[in-house]
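**Q** Sequence:
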Amino acid sequence: MDLLQTSAVDSWEHPPSIDEQQEEPAEERPRKKRRKYIARACNECKRRKIKCNGQAPCHRCGRQHIECVYLENPRRESFGENEHFERLFDQMKSMQDQISSLSATVRSMAHGESPSIGGTRSSVVGPATGSYGLLPTQRPLRRVSTVREAPFQGPTTSGFSFDLAKSSLLQRGIVERNDPGEEAEGDLTQEPSPLASPSAPNRDSELRHAVDPLWALPKNEALRLCQVYEEEMGIMYPVLELSELLEQVHLLYGLMDRTVDPGVQTNGKNVLDREDVYILRLVFACALTAEASGRSEQAIALFDSVREVQDNCVWGPPEIKSIIFLTLVSIFYFQMDEETLAWRTIGIVERMCLEKGLHRRETLNQPGIVAAGRDRVLRLFWSIYILDMRWSFGTGMPFALEDTDIDPWLPEPEEKTPYLRVMIRYSRIAAKVWKFISAFNNTNEIKKEEMNYLDWQVLRWAHAIPDSLRLDHPSTPESQAAADGPRSLRRLRALLYLRANQLRMLIYRPVLHTAGHIVRYPSESEVVVEIAKDTIRFITRLNETSDIYQLQQVAFNWFLVSALAVLFLAVAQAPTQFSGSCKEEFYWALELVKGFSTKSYISRRLWKSIRSLRRLGPQLGLVGAQKLRRGNPVAVEPGPPGPPQLQESPVPVAGSSSQSQTPLDGAQMTHELMEWFEAVGNLEDQIMGVGPGPMPDDAPWQQMPNGAFMFDYGEELSSVMKDCF
Numbered sequence: 005m006d007l008l009q010t011s012a013v014d015s016w017e018h019p020p021s022i023d024e025q026q027e028e029p030a031e032e033r034p035r036k037k038r039r040k041y042i043a044r045a046c047n048e049c050k051r052r053k054i055k056c057n058g059q060a061p062c063h064r065c066g067r068q069h070i071e072c073v074y075l076e077n078p079r080r081e082s083f084g085e086n087e088h089f090e091r092l093f094d095q096m097k098s099m100q101d102q103i104s105s106l107s108a109t110v111r112s113m114a115h116g117e118s119p120s121i122g123g124t125r126s127s128v129v130g131p132a133t134g135s136y137g138l139l140p141t142q143r144p145l146r147r148v149s150t151v152r153e154a155p156f157q158g159p160t161t162s163g164f165s166f167d168l169a170k171s172s173l174l175q176r177g178i179v180e181r182n183d184p185g186e187e188a189e190g191d192l193t194q195e196p197s198p199l200a201s202p203s204a205p206n207r208d209s210e211l212r213h214a215v216d217p218l219w220a221l222p223k224n225e226a227l228r229l230c231q232v233y234e235e236e237m238g239i240m241y242p243v244l245e246l247s248e249l250l251e252q253v254h255l256l257y258g259l260m261d262r263t264v265d266p267g268v269q270t271n272g273k274n275v276l277d278r279e280d281v282y283i284l285r286l287v288f289a290c291a292l293t294a295e296a297s298g299r300s301e302q303a304i305a306l307f308d309s310v311r312e313v314q315d316n317c318v319w320g321p322p323e324i325k326s327i328i329f330l331t332l333v334s335i336f337y338f339q340m341d342e343e344t345l346a347w348r349t350i351g352i353v354e355r356m357c358l359e360k361g362l363h364r365r366e367t368l369n370q371p372g373i374v375a376a377g378r379d380r381v382l383r384l385f386w387s388i389y390i391l392d393m394r395w396s397f398g399t400g401m402p403f404a405l406e407d408t409d410i411d412p413w414l415p416e417p418e419e420k421t422p423y424l425r426v427m428i429r430y431s432r433i434a435a436k437v438w439k440f441i442s443a444f445n446n447t448n449e450i451k452k453e454e455m456n457y458l459d460w461q462v463l464r465w466a467h468a469i470p471d472s473l474r475l476d477h478p479s480t481p482e483s484q485a486a487a488d489g490p491r492s493l494r495r496l497r498a499l500l501y502l503r504a505n506q507l508r509m510l511i512y513r514p515v516l517h518t519a520g521h522i523v524r525y526p527s528e529s530e531v532v533v534e535i536a537k538d539t540i541r542f543i544t545r546l547n548e549t550s551d552i553y554q555l556q557q558v559a560f561n562w563f564l565v566s567a568l569a570v571l572f573l574a575v576a577q578a579p580t581q582f583s584g585s586c587k588e589e590f591y592w593a594l595e596l597v598k599g600f601s602t603k604s605y606i607s608r609r610l611w612k613s614i615r616s617l618r619r620l621g622p623q624l625g626l627v628g629a630q631k632l633r634r635g636n637p638v639a640v641e642p643g644p645p646g647p648p649q650l651q652e653s654p655v656p657v658a659g660s661s662s663q664s665q666t667p668l669d670g671a672q673m674t675h676e677l678m679e680w681f682e683a684v685g686n687l688e689d690q691i692m693g694v695g696p697g698p699m700p701d702d703a704p705w706q707q708m709p710n711g712a713f714m715f716d717y718g719e720e721l722s723s724v725m726k727d728c729f
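The sequence shown runs 5 to 729 under my numbering.
These aren't lab readings, by the way, just hints derived from the structure by calculation. Be aware that one or more of the hints could be misleading.
Said to hold, decoys possible - The calculated lysine to aspartate or glutamate pairs, modelled on DMTMM-like cross-linking and capped at a C-alpha distance of 20 Å, are: (1) K587 to D538; (2) K420 to E245; (3) K439 to E418; (4) K325 to E245; (5) K325 to E301; (6) K598 to E588; (7) K598 to E548; (8) K436 to E419; (9) K223 to E295; (10) K439 to E453; (11) K451 to E530; (12) K420 to E534; (13) K325 to E234; (14) K97 to D216; (15) K325 to D407; (16) K436 to E418; (17) K420 to E235; (18) K420 to E234; (19) K50 to D101; (20) K325 to E419; (21) K452 to E530; (22) K436 to E453; (23) K420 to D379; (24) K587 to D551; (25) K325 to E295; (26) K97 to E87.
Since the model is a prediction, treat every value here as computed from it, not as a measurement.
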């Protein structure tokens, strides 16, 4: 018994070595699977077929004090590297399969074949969903907007006067029976976005955007688009830093070269979050849209890739990056000529700022704000503030944030953003102008003292603009100040000058609502007409001397159409007084209108106003003039010293296009307005019986004390023309 216990204790205290265990007979223990050879092992370990750690000497040879010899020293290659290349080869094979599938589908479409959408989609996206270079969730390209033109038109829009005129004329029974397009016009406010809906079959759109559109941009192009964004948008609304954008592009494409998911942060000091990549996508989309004058398939694809992110930002917590992201979404909508969606989105962003407390000075000391950068957050908030005011005036709908809600001690941005500082003061005056216009539309009472005071404030603001941004005499050939400096600086000068003119036109426009107001306020009437003429002259010269207007038509056309409507309203109310002096500028504006896109937001609003004006035509003998021209299409009435193209183009025949929801082209809108201008310009001759057509006996004209005639629509015509303001 003692021998057994002693043997057990010895075996516990002195266990057999690994070598002794391996030399035991196989029948005493279960047979184990032979271990796999490793890439580097010494001769002794290879002979015994045991694990070697690859060191010199290895663990066993060092313990046994025997010579450790390696026959060969193969190239050191880690398993991680092998795995990396295997993954890379798999990805390349997957992408090659997708390219082959796309090529086959294109060939089948060219030959008239029509494979099912579902089958094509699965072959392109199925195996590789979520892999590098593909969108994590694939779906067909959707329209940018499903918004419909709002039935409400605010007092700053150019359609405001048109609606008032239509209702007034219906009440007075002046309008003849409705034309066949009357019911269709009632549905104009239900017109969808000009972008086509991807109705079936839309297989080619799905295939075209199956691969992530971000990787279709080379690195050099991405860097260039950042510069374009800064010049076209960032310099006005500094919500992002250009240097930071460029650094993020380098990081992003560095990750791309290493085939790493672009949403994963990098090692080291600089990181690139997924939110940063989403913001970069929108920066690229905004720049592409600006260069394409509002329509870019690549920009739409980039925007479509972050739609779900947009939804999450709206319903998620109001973080700084979420606010920046949605601000860029709003800017993108504006560049796409979807101003109503831009106004709606920026209103949501402003409410997120209120939730975050960015309108209060004490919030600036919170850790999250300090981490994001106090100055950067201030630039972000004030940029959102002026964007809300701008798009409220553009759509005629109220702004989201009152000045009384903002902490009066909240600091303004630093001096290095002069345009933003100037626009903050402009927006404060614009808020007062908004209240003045709204009060007039409620009471129809013109308060001359308040009107003159607001005009003085605008003039004082314009005089206080820094010299680097101010234009003193732009009505003449461009001043030396405007010609100096980079293109971006010239554009800022032009925008500030036009904004001052726009506010002054809105202040004085109520005097043109009736012929009686024109008689009562003659100097104010002359002022608003001169401002409108100056605006048209300035935009025309800008178009002749640079590409600024062509690249930013969505911004400049608002000023152009507003000025055009002021001239038209003045001539319609007092043709003797204004028709001769306004004719040249009116035709200059029409020449620019010819270049409008028929699908743009501003052109649809203008076309709606033109179609409403048609039913006022019989009161001016316009129907007779149109019949004469239809009988002899080449014989267009002699025009003023305006563009010869307008006088030589044939007048479109009334019919199918006249009742459509959109014009055939910009020339059609030009002809309609030209006919109206000529008709009201010949109004006095018609009244005196020397005009080309009879004047209805019940026409609402009146004779002025000086013997001239006015066509007194009351406030009807100004209501019809509200969409132009």
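**Q** Against which earlier hints does the structure fall short, listed by number upward?
**A** Hint check: 3, 5, 8, 12, 15, 16, 19, 20, 24 and 25 fail, others pass.
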